[in-house]
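Engineer: Spelled out, the chains give:
2 protein chains.
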Amino acid sequence: MFCVDAIQSLGALPFDLNECHADFVMADGHKWMLGAEGLALFWVNPEIRERLKLYQYGWHMTREASDFDAPSWHPADNAKRFECGSPNMLGAHVLDASLSLLQEIGMETVSAAVLERSEFLIERIQGSPTLELLSDPTPQRRSGIVTFSHRQIEPTQLHQQLMQQRVICACRGGGVRFSAHFYNDLDHIEQAVLRAEQLK
Amino acid sequence: MFCVDAIQSLGALPFDLNECHADFVMADGHKWMLGAEGLALFWVNPEIRERLKLYQYGWHMTREASDFDAPSWHPADNAKRFECGSPNMLGAHVLDASLSLLQEIGMETVSAAVLERSEFLIERIQGSPTLELLSDPTPQRRSGIVTFSHRQIEPTQLHQQLMQQRVICACRGGGVRFSAHFYNDLDHIEQAVLRAEQLK
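Sequences listed follow chains X and C, in order. First residue of the first sequence? That's 38 in the numbering used here, and the numbers climb one at a time after it. First residue of the second sequence? That's 38 in the numbering used here, and the numbers climb one at a time after it.
Any given hint could be a false lead.
[What the hints assert, rightly or not] Cut-off 25 Å, straight-line C-alpha distance, at most; resulting in silico cross-link-like pairs (SDA-like, lysine to any residue):
| # | chain 1 | residue 1 | chain 2 | residue 2 |
| --- | --- | --- | --- | --- |
| 1 | X | LYS117 | C | GLY122 |
| 2 | X | LYS68 | C | LYS117 |
| 3 | X | LYS117 | C | TYR94 |
| 4 | X | LYS117 | C | CYS121 |
Hints in this document: simulated from the structure, not taken from any laboratory.
Bound-form chain X, shown alone (with noise of 0.2 Å):
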């Protein structure tokens, strides 16, 4: 069975469910999503519902779920028996709230601005004499993440330090990693970039 995790694709580039031939996708929602953590998204298709095992058991996942007198229960038909127990909702509004958001931008515009984002990273950290490149720069291996190092700076004290200023990113890879979404300004971004190049 073929498992896409689609954490760092979902909310931030186009995702076409016909296109990546996957039995089953997930995503947690608090990335480029923007949803709060604690809600997922999973997707299987509806062929190979029945062959995925249930470990899971609660209220909501069983076909009589609203019929408390319900002398035997079983499995719902749909993927509805792998939501198990009570769903965490407020979760679920912000999520929705949040999805909402993305889907009036349009993806496609969030996409091109993330990727403009990462294309102005990439190429201003190659230029760059202290910070080192560590992402794949190719153009159809780009997605949100750009991640470098510093030349004279160990990686944990570089996130550390830039963390220290208010950067916020995270330390992976042997480096930092830097996320720029849709909603981030050129000029911060800049900033952040100005800030790694001039710790000592």
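Got chain X sorted already, so can you dock chain C onto it with the hints?
Structural biologist: Here is chain C on its own, set in the frame of chain X:
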């Protein structure tokens, strides 16, 4: 192994882990604990912790949880091993606030108020010509839940008509369930019973 489902106790009645001799205890947070849906409590006796087979895996449940360069991983030694993915942070803040409120008031006070309300309901319904008590009225069997039926009206009808009159209740166990918490006024509870009596 002895599992205690404490969903109708925690937040309504005092609960002592040492007295119940459970191997594990769980309760959803959205009932008497006044949390939001999608976050539950789970306690497991540390001595049997490793005998519970793991079925859920994720980045949070490992010993190496925030070390992204770790070459291998192991389930956490503590109960974190059962918290696989990103936690429901909004739900955690809601539950933190509601449990703090219950602690501030004190569970002795809360539970005295809950039992006072169920005693009021039991006596009121026992003395009613149109309603019939279904809950066990024995003092040591009491909880926050009081279930009753109507001599002329079928339970689902009774439930529907009460909800239309904004009496929030549940249809369960061959009748309608009232679950008054510490903050429900006795006057309001009397009004709710009166409305049930006046239905036709």
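Engineer: All hints, please: hold or fail.
Structural biologist: Structure-based check of each hint:
1. X:LYS117 - C:GLY122: holds (20 Å)
2. X:LYS68 - C:LYS117: Judged against 25 Å, a Cα distance of about 22 Å means the pair holds.
3. X:LYS117 - C:TYR94: Roughly 20 Å between the alpha carbons, so the hint for LYS117 of chain X and TYR94 of chain C holds.
4. X:LYS117 - C:CYS121: holds (20 Å)
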